[in-house]
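Given these sequences and hints, build the entire structure.
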Amino acid sequence: MERRSLALKVGTPVAVLIAWEVISRTGIISPVLLPPPSKVFAVFVEMPGQIAVNAATSLYRVAVGYSIAAVSGVTLGVLMGAYKDVETALDLLVEIIRPIPPIAWIPMAIVWFGIGDASAFFIIFIGAFFPILLSTRAGVKHVDRIYIEAALNLGADDKALIRHVLLPAALPEILTGLRTGLGVGWMCVVAAEMIAAKSGLGYMIIEAQRVLATDQVIAGMLTIGVLGLLMDRGFRALEKRLLAWM
Amino acid sequence: MEPVLEVKNLVKSYDDLLVLDHVSFDVHEGEFLAVVGPSGCGKTTLLRIIAGLEDYDEGEVLLRGEPIEGPGPDRAMVFQEYAVFPWKTVLENVMFAPLMRGLDPEEAERIARKYLKVVPGLEGFEDEYPKKLSGGMRQRVAIARALAAEPEILLMDEPFAAVDAQTRNRMQEELLKIWKETEKTILLVTHNVEEAVFLADRVMVLSNRPAKVVDVVDIDLPRPRDRTDPEFVRIRARILETLGAL
Ligand SMILES: Nc1ncnc2c1ncn2[C@@H]1O[C@H](COP(=O)(O)OP(=O)(O)O)[C@@H](O)[C@H]1O
Ligand SMILES: [Mg+2]
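Protein chains in written order, with this note's numbering: chain A, 75 to 320; chain B, 53 to 298.
Everything labelled a hint here was simulated from the structure, so no lab data went into it. Keep in mind the model is a prediction, meaning the values are calculated, not measured. There is no bait here: all hints are sound.
So the derived list for chain A, only partly shown, Cβ under 8 Å to chain B, looks like this: (1) Ile220; (2) Tyr221; (3) Glu223; (4) Ala224; (5) Leu226; (6) Asn227; (7) Leu228; (8) Gly229; (9) Ala230; (10) Ala234; (11) His238; (12) Pro242; (13) Ala243; (14) Trp319; (15) Met320.
Even glycine gets a Cβ: it sits at the ideal position worked out from N, Cα and C.
In structure tokens:
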């Protein structure tokens, strides 16, 4: 069974690669439109430095924009979940801004922050902020009253209640929000770099497309996919450790 | 001597539902008072009011002569549901009240370890999360956690209702040992008449909802008490009769 599932898991991608190689090599589809995987992988060998630098740039932008979103999203989410007045005051605003896709902010981001890092930080922040905010708020609202009452009974004030009860009790939902936000942030950096930056993986693939270097485009896409997967896996491992009590 | 707790003419209703109808009683220094009453009569409501977790319509609740104001560790409570914090280890749970009192972590840990010794069976489990513990063990942690608040009066809401009969008997004996050792004043609520007679100095009997005090029985039997002793059986029968006649 173990072997069987491994064969299935690896077998499908390998079959797709082989079919893709054949289709492209035999010219069923022009190699310009669909470069064979061998050519795509060759890109990693020919220009590893360029890919690494652009990947590092994108990761750096996500790290900054996402950190701001994480801190502000968790803070506001806790306050909205814990205090009815804060929720009432912010709810409508959140509901109006939330449905605007992060991509739709790019034009204003360019006007405000110009082309470069700051615009990318902003777009990533917008994308990651809302999933984090909403999960945190929901998590805090779902905290069982019994724990809040036990804490009050034992002498907790508001600050202690947030730190010792609301945050840890809501942590499973907060982490889900943070993981979703990271995924959205990673998508946003690519979009932002295609329009509002002159570096990064998004910029790299849009530039390669301009000169029809489709092998580089697909190599960039694969890099984005693999890095996204690694971040998600890393995050899940972290979640498992932080939630050992569950 | 002034009672630790005085409850005078307490009246409480939820909307149109009258739950407590002029309930009055005192609890004296070092006394073990058990309150028995049918399920749904208002026992939990009474304890929650004393704990400051619920407001009331009329009457007075005085702790050492002073009206209570909101919840506080001077009236630490063991809840009927398992209310130990699942995200904290046993030791961290018991450190909670000392930390809330403003003690530094070393001092809080010293106090927590002291009460972890007072409650039998917890040694060796200090670093476990509650999910690993049985219901009885969780309730032992809850007792240690409440004791570590060093309350004027320990409030207990059917603490052994959810554990099996054998464990319940053992935990009742443990509670008597704890009571003797710490000289705490205890107010315990239960619907189990045998439990009340086994544990308490006095048993207060409440009527069906709305709860009124219908009897107060002094239990002068020496401890440890024998549940099959004729006098024990007679007292138990008398209380059951009072309850049955309601
Ligand atoms: N928050 C509440 N709102 C409305 N009714 C309540 C509430 N809490 C308890 N009650 C009702 O008050 C009565 C007494 O409840 P409770 O004090 O829990 O009884 P007991 O602990 O003796 O079983 C019950 O009829 C219960 O349904
Ligand atoms: Mg109850």
